[in-house]
Amino acid sequence: MLELYGTEIPSRLLLGTARYPSPAMLAESVKRSQTGIVTVSLRRETAGGRNGGAFFEMIRELGVRVLPNTAGCHGVSEAVLTAKMAREVFRTNWIKLEVIGNHDTLQPDVFALVEAARILSDEGFEVFPYTTDDLIVAERLLDAGCQVLMPWCAPIGTAAGPLNLSALRSMRAHFPDVPLIVDAGIGRPSHAAIVMELGFDAVLLNTAVAGAGDPAAMPAGRLSARACWSRAIWPCPRRPSSERRFSRDARSILPDRR
Amino acid sequence: MRLIINGETQIVAATTLSQLLTALEYEGEWLATAVNGELIHREERDDHALADNDRIEILTPMQGG
Chain C
1 MLELYGTEIP SRLLLGTARY PSPAMLAESV KRSQTGIVTV SLRRETAGGR NGGAFFEMIR
61 ELGVRVLPNT AGCHGVSEAV LTAKMAREVF RTNWIKLEVI GNHDTLQPDV FALVEAARIL
121 SDEGFEVFPY TTDDLIVAER LLDAGCQVLM PWCAPIGTAA GPLNLSALRS MRAHFPDVPL
181 IVDAGIGRPS HAAIVMELGF DAVLLNTAVA GAGDPAAMPA GRLSARACWS RAIWPCPRRP
241 SSERRFSRDA RSILPDRR
Chain S
1 MRLIINGETQ IVAATTLSQL LTALEYEGEW LATAVNGELI HREERDDHAL ADNDRIEILT
61 PMQGG
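Chains as they are written, first to last, in my numbering: chain C, 1 to 258; chain S, 1 to 65.
Just chain C, same shape as in the assembly (with noise of 0.2 Å):
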């Protein structure tokens, strides 16, 4: 079973709550999805704070687990603050620390990153940093603390698939023992395999879902949750080594079975 700082995670799914059509379209995704954990951000709210709230009441009513997130901060500091924050509204030490270098492409500012990995691990945070697939960042983020790593396989919101096989072959391949979840860049059930297929612990998903035709429900031949994702890379390739052109330990993102 997936465990991530010490908790086992019944799914190797993590969903993205944003952009969904309805707040009951998002809420539908997560549970048929089965995803053992949803991530959610934070913002600055107009006085009444309800909007919010709601929110915050719809999640915790899901009773899944969650992992905040850093979204849109550009810096160290904002984003150890937003950090701090998030621990105090969600009650968590996960943060997903994300560091935005460019304000067009969102890629990660991994030098920033790798500075504010380091102050959060050593304020307890225990942090999932979205970076790129750089080994050498991967090696200073694990050097500042961090137990997982959250790579890129294309740019957030591009739903380009995987475009450099070969870098996530290597961090496979460097990083045995790391949980690695792709976390940005999937667009469709064959992205989701490609990278199951290279080893990779998990996916995290947000676009793909919540921009198909229909979030929740599951029509043939359209992105969407778990029987979608589910019918196009389960069972999931276990050759023989010999036979084996990716991976060693394909993985399949379905809730594993006792």
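Keep in mind the hints are simulated off the structure, nothing from the lab. Take the hints with a grain of salt, since some may be wrong.
Stated by the list, open to error - Now the stretches of chain S that chain C is said to cover, found in silico as 3 or more residues with beta-carbon under 8 Å:
1) 34-47
2) 52-65
Stated by the list, open to error - What follows is a set of in silico ranges between Cβ atoms, one per label pair, in the way DEER data are often shown:
3) S:Gly37 x C:Gly211: 31 to 39 Å
4) S:Glu8 x C:Leu165: 41 to 49 Å
5) C:Ala24 x S:Thr15: 41 to 49 Å
6) C:Arg188 x S:Glu44: 41 to 49 Å
7) C:Arg44 x S:Ala14: 50 to 58 Å
8) C:Ser77 x S:Asp47: 21 to 29 Å
9) S:Thr16 x C:Glu123: 22 to 30 Å
10) S:Gln10 x C:Arg169: 51 to 59 Å
11) C:Glu57 x S:Ile4: 28 to 36 Å
Idealized CB from N, CA, C, for every residue including glycine.
Based on the hints, put chain S in the right spot on chain C.
Same frame as chain C, but now just chain S:
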């Protein structure tokens, strides 16, 4: 007192962070607050005195990827 609240300048009568939240009708356990770049915990708000030109951040949960 002149405060910058979530990036907007406002003139308020409140002298503590708790009073400010009440005056602006913020309520609920889902709020996080910071003053001048430092997190102010929920239990510290009653005692946190505000000063002219303080920068207040009030954040709440939202959807995110």
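Hints and how they fare:
Coverage of a stretch by a chain is defined here by at least three residues with a beta carbon nearer than 8 Å to that chain's beta carbons; for the segment 34-47 of chain S and chain C the count is 6, and the condition holds. Note: the segment 52-65 of chain S has 9 residues with beta-carbon separation from chain C under 8 Å; the three-residue rule is met and the coverage holds. A C-beta distance of roughly 35 Å is found between glycine 37 of chain S and glycine 211 of chain C, which places it inside the suggested range of 31 to 39 Å. The given range of 41 to 49 Å is respected by glutamate 8 of chain S and leucine 165 of chain C, whose C-beta atoms sit roughly 47 Å from each other.
In this structure the supplied range 41 to 49 Å holds for alanine 24 of chain C paired with threonine 15 of chain S, their Cβ-Cβ distance being about 42 Å. Separation of arginine 188 of chain C from glutamate 44 of chain S is about 48 Å and conforms to the stated range, judged on CB atoms against 41 to 49 Å. Range check, arginine 44 of chain C to alanine 14 of chain S: about 18 Å between beta-carbon atoms, so the 50 to 58 Å window is missed. About 24 Å separates the C-beta atoms of serine 77 of chain C and aspartate 47 of chain S, a value consistent with the hinted range of 21 to 29 Å.
Judged by the Cβ atoms, the range 22 to 30 Å given for threonine 16 of chain S and glutamate 123 of chain C holds: they are separated by roughly 26 Å. The given range of 51 to 59 Å is respected by glutamine 10 of chain S and arginine 169 of chain C, whose C-beta atoms sit roughly 54 Å from each other. Separated by about 29 Å at the C-beta atoms, glutamate 57 of chain C and isoleucine 4 of chain S satisfy the suggested range of 28 to 36 Å.
Checked against the numbered hints listed earlier, the structure breaks hint 7 alone; every other hint is satisfied.
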